[in-house]
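One line per chain: the protein sequences are A and B, in this order.
Numbering-wise, the first sequence is residues 1 to 196 according to UniProt numbering.
Numbering-wise, the second sequence is residues 1 to 216 according to UniProt numbering.
Everything labelled a hint here was simulated from the structure, so no lab data went into it.
Warning: the hint list may mix true and false statements.
[To be verified] Restricting the straight-line Cα-Cα distance to at most 27 Å, the calculated cross-link-like pairs of lysine-lysine (BS3-like) are:
{"no.": "1", "chain 1": "B", "residue 1": "Lys170", "chain 2": "A", "residue 2": "Lys74"}
{"no.": "2", "chain 1": "B", "residue 1": "Lys23", "chain 2": "A", "residue 2": "Lys42"}
{"no.": "3", "chain 1": "A", "residue 1": "Lys113", "chain 2": "A", "residue 2": "Lys81"}
{"no.": "4", "chain 1": "B", "residue 1": "Lys23", "chain 2": "B", "residue 2": "Lys48"}
{"no.": "5", "chain 1": "A", "residue 1": "Lys149", "chain 2": "A", "residue 2": "Lys113"}
{"no.": "6", "chain 1": "B", "residue 1": "Lys58", "chain 2": "B", "residue 2": "Lys72"}
{"no.": "7", "chain 1": "B", "residue 1": "Lys215", "chain 2": "B", "residue 2": "Lys48"}
{"no.": "8", "chain 1": "A", "residue 1": "Lys77", "chain 2": "B", "residue 2": "Lys23"}
{"no.": "9", "chain 1": "B", "residue 1": "Lys102", "chain 2": "B", "residue 2": "Lys72"}
{"no.": "10", "chain 1": "B", "residue 1": "Lys102", "chain 2": "B", "residue 2": "Lys215"}
{"no.": "11", "chain 1": "B", "residue 1": "Lys102", "chain 2": "B", "residue 2": "Lys89"}
{"no.": "12", "chain 1": "A", "residue 1": "Lys77", "chain 2": "A", "residue 2": "Lys113"}
{"no.": "13", "chain 1": "A", "residue 1": "Lys41", "chain 2": "A", "residue 2": "Lys114"}
{"no.": "14", "chain 1": "A", "residue 1": "Lys77", "chain 2": "A", "residue 2": "Lys42"}
{"no.": "15", "chain 1": "A", "residue 1": "Lys114", "chain 2": "A", "residue 2": "Lys57"}
{"no.": "16", "chain 1": "B", "residue 1": "Lys215", "chain 2": "B", "residue 2": "Lys89"}
{"no.": "17", "chain 1": "A", "residue 1": "Lys81", "chain 2": "B", "residue 2": "Lys215"}
{"no.": "18", "chain 1": "B", "residue 1": "Lys89", "chain 2": "A", "residue 2": "Lys81"}
{"no.": "19", "chain 1": "B", "residue 1": "Lys58", "chain 2": "B", "residue 2": "Lys82"}
{"no.": "20", "chain 1": "B", "residue 1": "Lys170", "chain 2": "B", "residue 2": "Lys89"}
{"no.": "21", "chain 1": "A", "residue 1": "Lys77", "chain 2": "B", "residue 2": "Lys89"}
{"no.": "22", "chain 1": "B", "residue 1": "Lys102", "chain 2": "A", "residue 2": "Lys77"}
{"no.": "23", "chain 1": "B", "residue 1": "Lys23", "chain 2": "A", "residue 2": "Lys41"}
{"no.": "24", "chain 1": "B", "residue 1": "Lys89", "chain 2": "B", "residue 2": "Lys72"}
None of these values were measured; they are calculated from a predicted model.
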Amino acid sequence: MKYYILSAFILLCGINSYSQSSFILTYPIGFPMGDLHDYSKKTSWRGINMEFLGHAKPGVAVGLETGWNVFYEKVGKQPYKSGTTTVTGVTYRYTNAVPILVESKWYPTEEKKKANPYVGLGVGTLFASRSTDFGLYRITNEAWQFCIKPEVGVLFSIEPGLKAMVGVKYYGAFNTDDLDGQNFLSINVGFVFSSL
Amino acid sequence: MTTSLRYLLLACLLPLLWSCYPKGAEYTDELDLVYTNYASDFNFTALKTYSIPDSVVKITGDVISDPDGDGKPSFLPSSSGKVILDQIKTNMSNYGWTLVDKRQNPDATILVSSMTTTNIYYYYDWWYWGWYYPGYYPGWGWYYPGYYPPYVTGYRSGSIFMQFIDNTSKPWGADNAPVKWVCILNGLAEGGTSDIAARTQINIDQAYTQSPYLKH
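Could you put together the complete structure from these sequences and hints?
Next comes the structure, spelled out in structure tokens:
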């Protein structure tokens, strides 16, 4: 998995150097919601997020987003019942969520001030891989889910071509046969590198 | 800010990628499982007495082999078997069952067996050899072009299998002995003898805790 993301990172950096565009690299803190929260309640402190944006017109950008959020929780020894069957053990629950989205962002103040708000909307897919380690066994479910991602945030100008940012994203994924929608809220902090 | 500083900023964020793998189990007891299942239409409390053999059978395959020709299977060492059998007897007593000799027509019999399996894996962590190949960092793996390698390394897993046999329905039909309750304790068969014994006792207790229908 890490190689796919590293490759995407290198690709996006390459594209960035040849166009009037921005590359956003952020650290996401993920809060599981819905079915994901039922499975794993802990906040995710593991992940990375990358976006490549081209400026379509003043105040509007379009581009691509990908990333990696890892949700993990160890649930202590407890019994699980199904019919007449009971199994007791410790479970280690892992969910890897990789969004791949096309997105658009709107900057109402056109980035003219020191701090500039923005809103965004992304549409695409969320690859979700859920693995449960139970004793010596692993149960894995994987799904590609349709995903919509609204986003709000603020950019802080540091110097020409460099901004800091903080944003809130909600990844709303839809149910598939293999897995219910894996929804989560993400607070992202990082930097925006723009070509001059 | 210079370009090199920007790259440094990027380089500082990239290590986030390598910290994405969380830890798993750290201790052997965290890999233990206790499985129970039972016949829901059977009234366990109608039975009062039970017997249990004084040895734990080692099952080595689905067809018995008798290499020493004594007409008996292999057994766990008596010290290991005693730990298991004593814990079962304690729990049965706590649940109101009376232990009798098999010649006294017990209502039920508990048969206890064990199995161990050596699990081997070909794709152990590259990191074990990363020190020998400078420049090839954690995350690399193994590639066997077109063939499967010999055993590389492995671990032993073990199971203790308990079967509760209903003797009151004799004569049994269809050449089958009726198993009304079953329990499997599964985990790593690694560690010291005392550690395995302690884990086994805890897991036998758990098997009875999660089987309240056995209680009188």
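Cross-check of the supplied hints:
1. Restraint check: the Cα-Cα separation between Lys170(B) and Lys74(A) comes to about 47 Å, which exceeds 27 Å; the hinted pair is violated.
2. Restraint check: the Cα-Cα separation between Lys23(B) and Lys42(A) comes to about 14 Å, which is no more than 27 Å; the hinted pair holds.
3. Proximity of Lys113(A) to Lys81(A) is assessed by CA-CA distance (about 58 Å); at most 27 Å being required, the pair is judged violated.
4. Distance restraint check for Lys23(B) and Lys48(B): the Cα-Cα separation of roughly 47 Å exceeds the 27 Å cut-off, and the hinted pair is therefore not satisfied.
5. Between Lys149(A) and Lys113(A) the alpha-carbon distance is near 26 Å, which keeps this suggested pair within the 27 Å criterion.
6. At most 27 Å may separate the alpha-carbon atoms for a hinted pair to count; Lys58(B) and Lys72(B) meet this at roughly 11 Å.
7. Between Lys215(B) and Lys48(B) the alpha-carbon distance is near 10 Å, which keeps this suggested pair within the 27 Å criterion.
8. Proximity of Lys77(A) to Lys23(B) is assessed by CA-CA distance (about 17 Å); at most 27 Å being required, the pair is judged to hold.
9. Only pairs whose Cα atoms come within 27 Å are accepted, and Lys102(B) paired with Lys72(B) is accepted, the gap being roughly 18 Å.
10. Using a Cα cut-off of 27 Å, the hinted pair Lys102(B) and Lys215(B) holds, with the two alpha carbons roughly 21 Å apart.
11. Between Lys102(B) and Lys89(B) the alpha-carbon distance is near 15 Å, which keeps this suggested pair within the 27 Å criterion.
12. Between Lys77(A) and Lys113(A) the alpha-carbon distance is near 54 Å, which puts this suggested pair outside the 27 Å criterion.
13. Restraint check for Lys41(A) and Lys114(A): the C-alpha separation of about 37 Å exceeds 27 Å, so the hint is violated.
14. Simply put, Lys77(A) and Lys42(A) have alpha-carbon atoms about 17 Å apart, close enough for the 27 Å limit, and the pair holds.
15. Our distance criterion of 27 Å between C-alpha atoms is met by Lys114(A) and Lys57(A), whose separation comes to about 20 Å.
16. Only pairs whose Cα atoms come within 27 Å are accepted, and Lys215(B) paired with Lys89(B) is accepted, the gap being roughly 13 Å.
17. Proximity of Lys81(A) to Lys215(B) is assessed by CA-CA distance (about 19 Å); at most 27 Å being required, the pair is judged to hold.
18. Distance hint between Lys89(B) and Lys81(A) is fulfilled; the C-alpha atoms sit about 25 Å from each other, no more than 27 Å.
19. With a CA separation close to 14 Å, the supplied pair Lys58(B) and Lys82(B) stays within the 27 Å bound.
20. A threshold of 27 Å between alpha carbons decides the hint, and for Lys170(B) with Lys89(B) the separation of about 24 Å falls inside it, so the pair holds.
21. For a cut-off of 27 Å, the pair hint linking Lys77(A) to Lys89(B) stands: about 24 Å separates their Cα positions.
22. A hinted pair counts as satisfied when its Cα atoms are at most 27 Å apart, and Lys102(B) with Lys77(A) does not qualify at roughly 36 Å.
23. Simply put, Lys23(B) and Lys41(A) have alpha-carbon atoms about 17 Å apart, close enough for the 27 Å limit, and the pair holds.
24. With a C-alpha separation of about 24 Å, the suggested pairing of Lys89(B) with Lys72(B) holds against the 27 Å cut-off.
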